[in-house]
Every structure is written in C-alpha cells, then in structure tokens.
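A.B. asks: Sequence:
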Amino acid sequence: MTAPAPPRPRAPSTPVGRARARSAGWSRAVLLVPAALGVGLVVLPLLGLLLRTEWGAFAAHLAAPVVWPAIRLSLVTTLVTVALCAVLGTPLAWLLSRADGRAATWLRAVLTVPVVLPPVVGGVALLMAYGRRGVVGAPLFEAFGLRLPFTPSAVVLAQVFVSLPFFVLAVEGAMRAVDGRYDAVAATLGASPLRIFVRVALPLAAPGIASGAALAWARALGEFGATITFAGNFAGRTQTAPLAVYVALQNDPQAALALSIAMLAVSLLVLGLLRGRWMR
Numbered sequence: 001m002t003a004p005a006p007p008r009p010r011a012p013s014t015p016v017g018r019a020r021a022r023s024a025g026w027s028r029a030v031l032l033v034p035a036a037l038g039v040g041l042v043v044l045p046l047l048g049l050l051l052r053t054e055w056g057a058f059a060a061h062l063a064a065p066v067v068w069p070a071i072r073l074s075l076v077t078t079l080v081t082v083a084l085c086a087v088l089g090t091p092l093a094w095l096l097s098r099a100d101g102r103a104a105t106w107l108r109a110v111l112t113v114p115v116v117l118p119p120v121v122g123g124v125a126l127l128m129a130y131g132r133r134g135v136v137g138a139p140l141f142e143a144f145g146l147r148l149p150f151t152p153s154a155v156v157l158a159q160v161f162v163s164l165p166f167f168v169l170a171v172e173g174a175m176r177a178v179d180g181r182y183d184a185v186a187a188t189l190g191a192s193p194l195r196i197f198v199r200v201a202l203p204l205a206a207p208g209i210a211s212g213a214a215l216a217w218a219r220a221l222g223e224f225g226a227t228i229t230f231a232g233n234f235a236g237r238t239q240t241a242p243l244a245v246y247v248a249l250q251n252d253p254q255a256a257l258a259l260s261i262a263m264l265a266v267s268l269l270v271l272g273l274l275r276g277r278w279m280r
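Heads up, the sequence shown is in full-length UniProt numbering, so the first residue is 1 and it goes up one at a time.
The set of hints was computed from the structure by calculation and includes no laboratory data.
A few of these clues could be false.
[To be verified] Derived DEER-like restraints, expressed as beta-carbon distance ranges:
no., residue 1, residue 2, range
1, W68, A35, 35 to 43 Å
2, W55, L204, 40 to 48 Å
3, V87, P45, 35 to 43 Å
Quantities reported herein were computed from a predicted structural model and do not represent experimental measurements.
Glycine is no exception: its CB is placed at the ideal position from the N, C-alpha and C atoms.
Work the whole structure out from these sequences, hints included.
C.D. replies: Structure (structure tokens):
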C-alpha cells in the first residue's frame, strides 16, 4: 500500500498572501538578472572556445609543432612541482595546524602572499632572489657557476612559488580537522612528534593532501606571468603550455584553440575529482 501524496500547497487566497507572493516573484526576478549576467560572464568565453574551434581538424591542430613539446614540459615540471609541494608543504601545514600565536599568524600571512601577488611581480621577485645578481643567485653563480633563470629549473621554481600556498592552505585545513585527541593518545603511548606526524596525521589527512596536490597541480599547470618573467619563453626549454597558447595565438590561432581546449578539459577533470571525491 502506497503512502498518500502530500497535499499541494494552496495559493494564497487573501489579499495579503497574494501581495506577498507578488513581492516574492519580483524579488526573485530582481536577483535573477545579475545572477544570469554573472553566469554569462563566465560561461560565454568558454562557449566561445568551443564554438570557434575547428573540430574536424582538431587532432591536426593539436599535433602542431608548438603543442606537444609544451605539453610534455608542462607535465614534467608540474609533476616535479607537486612532489616538491608535498615534501615541503605537508610538514609545514602540520606545524601550522598545531601552532598558535603571533609567529604562526605572520608565517601564514607571508605564505599567502603569492596567492594575491600579481604573477609578473612574483617573477621579478624570483629574479631578485635567484637571478645572477640575486640574493641567492649571486653566491650560487660565484661558487658553482650555477644559473637558475631561463632554465627548466626556473620553470619549476616559478610553479612552486605560486602553487605551494594553495597546497599548504588546503592541507592545513585538513590537518586542523583531525581530532587532536589522536595526537594526545599517541603521545601518551610514547610516540615522538615525527611518529605522530607519519602514523597519525598523514593517514587521517590523506584526502586533504590529495585535494591540495590537485589544486597545486592545476595552479602550476596554468602558471604564466612568473614563468615568462623568470624562466623566459624558449620553445622546448621553458615554454610551457600557457606560453605556447600565447605564441600560437599570434601565428596559428587554431593550434592555440586546440591547446586551450586540452587545458580546459584537464581543468574540468581536476574540478570533477575535487568535487566528486575529496570535497564530499
């Protein structure tokens, strides 16, 4: 026997009820207009990519000489970047999640600066730090003859600079969500802070670490300003996928569109993974 259907709400029959219904309708309409404009500002450019791409020759354009070396370099450098973010950022995020006080607050603020810093300014800062006459670059050049700017290593440094804060912020949030009583119990059993970090914090925060790695990888993959300023735009050496799009747009617009579609697909994949698995 099926349950009876719930009664339908009756339309307001009193003048006050009808006035309220009209007011609610107007309110929704007023809010709908700016909301639709906001959606359009985001969706229309993406729709433009799809409509202006020559899908019949998509594979041929994707095989343009400028495309695959840039994709290969982007994949290699971003994977190295994510590995460095994980090695350097995970302990840092754990320490920040367990620290209180002014020092931790200031450190967290400094680490957040690259998130809001214009990318080109970040590239200039990297030059001042690691360039031939930089704070660190000058001693390295004088002692070992090592030059970092305009090399693949510079690409990785630029990507780490802009993506490490995203990783640390995501992982710190995951570490803070871990119940501190687990740490206390492990400490009472004689576990050292390092053992607590490895055996307790890492397994419990694994979804957050994976989420941070995905965010860092997506940010590194899309990096442009700091890379072109600090590493240059040399095909096959420092020209990553975003830089290749910039160059191809001037010489082969369809190749630029094909590469843009490929990067859009990767971005949607990362977004789907984040929303579907790790952000439930």
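A.B. asks: Taking the beta carbons of V87 and P45, is their distance inside 35 to 43 Å?
C.D. replies: Between V87 and P45, where Cβ atoms are some 36 Å apart, the hint holds.
A.B. asks: Is the distance from the Cβ of W68 to the Cβ of A35 consistent with 35 to 43 Å?
C.D. replies: holds, 41 Å
A.B. asks: Quick check: does the Cβ-Cβ distance between W55 and L204 fall within 40 to 48 Å?
C.D. replies: holds, 46 Å
Hint compliance for this structure: no hint is broken.
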